[in-house]
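Undergrad: Okay, here's what each chain looks like letter by letter:
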Amino acid sequence: MPAEGTIAPEQPETFPQYLLLNARRFADRPAMRHKDYGIWQSWTWAELLEEIRIFSMGLAALGLKRGDKIAIVGQNRPRLYWTFCAVQALGAIPVPVYADSVAEEMVYVLDHAEVVMAIVQDQEQVDKVLSIADQLPALKKVIYDETRGLKDYDHTNLHSIDDVQELGAEELKKSGDEKWLESISKGDGNDLSVILYTSGTTGKPKGVMLSFHNLTVSAINANEFDHLDETESVLAYLPLAWVGDHVFTYAQAYIAGYCVCCPESMETTDADRREIAPTYFFAPPRVFEVLLTAVMVRMEDAGKAKVAMFHYFMDVARKVGEPILNGDSVPFGDRIKYWLGEFLVYGPLKNRMGLTKMKVGYTAGEAIGPEIFRFYRSLGINLKQLYGQTEASVYISAQPDGEIRADTVGRPSPDVEIKIHDNGEVMYRSPGVFLGYYKNDEATGKTKTKDNWVHTGDAGFFDNDGHLKIIDRAKDVGKLDDGSLFAPKYIENKLKFFPNIQEVVAFGDEREFCAVIINIDLTSVGNWAERNNVSYASYQELAAHPRVYEMIAEHVDQVNHDLAGEELMAGSQIRRFLVLHKELDADDGELTRTLKIRRSFIAERYAPLIEALYDGSTEKFVETEVTFEDGRKGSISANVLIRDMPLVPAKKPVLEAAQ
Amino acid sequence: MSPAFLNLIETTLNGLMAGVMYSLVALGFVLIFKASGIFNFAQGVMALFAALTLVGFQTGQVPFAHLINAIFGTDLHHWGPGVPTFLAILMAMAVMVLMAFLIERLVLKHLVNQEPIILFMATIGLAYFLEGMGDLMWGADIKPMNVGLPSGGSFWWEDVTREWASEGSEYYGMYIDTLDVTAALIAIALVSILTIFSQYTATGRALRAVADDHQAALSVGISLRTIWVIVWSIAGFVALVAGIMWGAKSGVQFSLSLIALKALPVLILGGFTSIPGAIVGGLIIGVGEKLAEAYIGPLVGGAIENWFAYMLALAFLLFRPQGLFGERIIERI
Amino acid sequence: MNAPIRPDTQLHTRADDGIATGDDLLVTENISLSFGGVRAIADISFDVKKGEIRAIIGPNGAGKTSMLNVINGFYHPQQGTITFRGNKRRRMRPHEAANQGIARTFQNIALFGGMSTLDNLMTGRITLMKRNMLWHAAWFGPAQREEIEHREAVEQIIDFLEIEHIRKTPVGRLPYGLQKRVELGRALAAEPALLLLDEPMAGMNLEEKEDMSRFILDVNQQYGTTIALIEHDMGVVMDLSDRVVVLDYGRKIGDGTPDEVRNNQDVIDAYLGVPHEDA
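Keeping their order, the protein sequence lines are chains A, B and C. Counting in the numbering used here, the first sequence runs from 1 upward without gaps. Counting in the numbering used here, the second sequence runs from 1001 upward without gaps. Counting in the numbering used here, the third sequence runs from 2001 upward without gaps.
Please keep in mind that the hints were generated in silico from the structure rather than gathered at the bench. All of these numbers come straight from a predicted model, not from anything done at the bench. Built from N, CA and C at the ideal position, the CB exists for glycine as well. Some clues are possibly wrong.
Restricting the straight-line Cα-Cα distance to at most 20 Å, the calculated cross-link-like pairs of lysine to any residue (SDA-like) are [to be verified]:
1. C:K2168 / B:R1208
2. C:K2050 / A:Q11
3. C:K2168 / B:S1198
To give an idea of the chain C side of the interface with chain B (calculated C-beta under 10 Å), a few residues [to be verified]:
4. I2019
5. G2022
6. G2073
7. I2109
8. N2120
9. R2125
Examples of chain A residues lying across from chain C (beta carbon under 8 Å, computed) [to be verified]:
10. G38
11. W40
12. R148
13. G149
14. D152
15. D154
16. S175
17. E267
18. K419
19. N423
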């Protein structure tokens, strides 16, 4: 046996150095779990080191050199996570790529990053990479994790991770690991650690270069901020290529030494979360929305007594749940009721969602609906909001415990300075600020000032308590013709709270009034349809159903009432809406891979519909091209109805009685 | 608590205990119905036959004594003092397994793929055959069943409940038969064993598979005939348990076979395919009967126990034809 | 060290029976079958070689499913013999066929609808249980140890067919395409020497068909399972199969590689030339 990590430096600066440290200090603690063949397989930190060492040495034997770029394509599989460290140990740079990007999207990234190897999950990804290999002159090797179906492929430049590890094991036996350890100790905090391509809402993806220093400082601060240590466990289920996943399940995990659990497959994530019950959980608002929708749908199918109990205790929770969580004083009677509710409703509910043991959870990426946010908080789940960016190694601001508001993103994170630019744009400076965009100095110059301040592109302001509030993308905030403020995301989020509404796109900038395009939630509305004997064959048919329009109109009306109550927003009430005949889809480019709407693209694609929203017509025939999952294209056509909404007279702000 | 309320509790408890007995018989029906789609009319007679056999072994009766005596002019009654109870139970069980085997061999095998009604008729024939066979083998007289189960009122319970009555009221405590309590405990154990068997063992899984789809079961290599022998053996086992309980309560006699008819309303209530349904159905019928007898009976002149169960089942059919736990009949338009 | 199980290690086809790849695994000779006066199959002979994918095609009512039913023992032919793994026979009961290593799926899906995916697959291994049914009435001791072994094998299949997420779901609640996949899984669980697939892609959309084709090819390549399948989609048949036998009105009218069959005049007349609904 070779000596383990004998020359790890006292203060690690790179992740491979942390690996050596963890293999000593947490040798027998679990580092990683993966549900495979129905059982949770696990690796301790010591075992993780063994695996990564032979993997890494195998890669070296295949010719991976310092400074090389290597693509990682796939879902959250343990061996793909090992790749990061195995590659970094050799001084090479991992470039994770979204697993569901189609071949054309992938070409750009792999070519731009000049990757020499691609480590991919399975046959599907191998096929994808091989299909574009001739456009990638730098690419020399493709390495895969799952062997299924690949037996008969030409293995000249194709290897399984098993083979690579075997190669590494031989190398280790033959000449020991001194060279490998030496290569790790050469690693410096200022070295380039990873390149993360952002799926920008406009233009080609940009490769954000982060140094080890960027990531480690951010991770150390974050772990301290939320008191995270080696006893945490997290579920790795978000795209590897997303900075959030990279920081939460790689950087922070290596630094704190906590356990990362990989689900069995994307479809089993909910069940796996229930089994793992992570202590630290991160999810974009959408995940919380989906979880809540699932609960609501189940409740609608439940017996009357159960529903009554659920609503009663949810009312209790709404009243006292948050104060209890925040440590405020609450009457004794309410405490008893809440305690009873915990036993009867909240406990089982949290168990169902796999959030029983959650110490702290974050939502970020987009604004979360305040009602959804409060729902989770009131159950006693310490859900918080943070504001971050790839360019900042995630953390810009976060909510400290006890200072949680639904509508802010908290105070500046440790070591982060924030200022508001004259045009209302939020800017920040921190140790996490990225090195620059890979091979794109022009974009770097536009985003990062000489003295390291970064433009976020978001409009926001500090409230009286020193909390940052984000209104919208700076370039998206506009004005209606009459001069009233128009913040599309603000309106969209209000509508998206309704479980029946999946996605909303609001229009109104430099127009006469505000109008919206709505996507219904197929699960929720489908369920409603089943209960109400509304028959439908497709999304399209359901979306056009008069009773669905009726239901959505009620939701819109309620939002208008809400808006009417707010001084700044009363002018931008929704005057017309339509329910779109197809679901907005990342495959059609309507959503980003992280499922944010691409506003300008949608505006262009559905120009006739938007025109119809403003020319007074009550219906419009459109034909839309769609891309199927396998890449084929087709088109669907529909007659989309447009509905007028009455406006609500703006209320004068009323002084609300003691809150 | 007032004596009136305590009486209500007592009636309910006794109803529950009686219900357990119904459940036991209904359970046998459900098992066979689930696995083979046969409504086994002979289930009640099987309980009788099992009890007769058990008592016969226990007391050392010579099987077919009447027949032998009539033909050979002998005077055989008993061949000895009989075998210990435990052994007698095992032997009776062995006889039930043998019976299951013979039923498969002689009856079911020849009726594969016939209409359910034909199979139902076959079980009616089986019922009469077994009844006659029991008579021929062990004689027609009423026999006491003594397998060492406790019986008689529980004094302890009487004492406990007497304390519950309000001060000064004349209340002598509740009567509860320890035999009924034992029966309930045994029934719970039986159901647990059956549940574990069907959910967690390979054979149980095969049984469920056959119940689900015959053709598919065949294609994966399950031998239907083996399964049938197993199912009928289990039904025989349940019949034996039911026979012991009923026998210990009211003696082993031919009216025992009529409890099969009592099981019918239980099945309608619980659904023909649900084991929990059989249990809950039995309990509801038991409690319903006792309550009706005690509170409605005096108004209509008593004897309500004989028909109440059927009325309840009929009323139930109107609202939930698939039974409490039966698979829901969904009709889509 | 807690060594995780790796795929591709444990699932096999049934016992090495001395038949080499490419040799006859199944030979049917002069099979005739009629129901009452109606003749379903007339004097059909063909063979299935070990390791190949053999397709049986033909218009509706050509006797394809009847042929499959004869092979797995649902029907007993009036004439002819079947030689499977060297054993010649006239008739056999279905559970005996299963015991000899013939597993199948059905055109109209015959799953145990009330049981979970896992239980369905476990039931598929019934012929591989070493002990008899009485033993397996117990849930402790050797019976349980054997249960665990079978569970491991079944987990391999679950992984292989990517049905982890429905492991515990009652199959009756699954969408059609997934049910088909579970049914394939149940047949695979028996580690069959011969896998019979009756229209594995009937009623599927294009994407599901592609998935299913991939699974069938993978099964054949990875485990070396011999497959005989009936399929209507000509594109799929020609892509998947090594050899094709063509039936029409209960007679064999063609036999050979997809190319040979495609150019066979009888076949063209009877089947391919005539526009066919499902083709």
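Undergrad: Hint by hint, say whether it matches the structure.
TA: These are the hints, each one checked on the structure:
no. : hint              : in the structure
1   : C:K2168 / B:R1208 : holds (16 Å)
2   : C:K2050 / A:Q11   : violated (62 Å)
3   : C:K2168 / B:S1198 : holds (16 Å)
4   : I2019             : violated (21 Å)
5   : G2022             : violated (27 Å)
6   : G2073             : holds (8 Å)
7   : I2109             : holds (9 Å)
8   : N2120             : holds (8 Å)
9   : R2125             : holds (8 Å)
10  : G38               : holds (5 Å)
11  : W40               : violated (10 Å)
12  : R148              : holds (6 Å)
13  : G149              : holds (5 Å)
14  : D152              : holds (6 Å)
15  : D154              : violated (15 Å)
16  : S175              : violated (23 Å)
17  : E267              : holds (3 Å)
18  : K419              : violated (47 Å)
19  : N423              : violated (47 Å)
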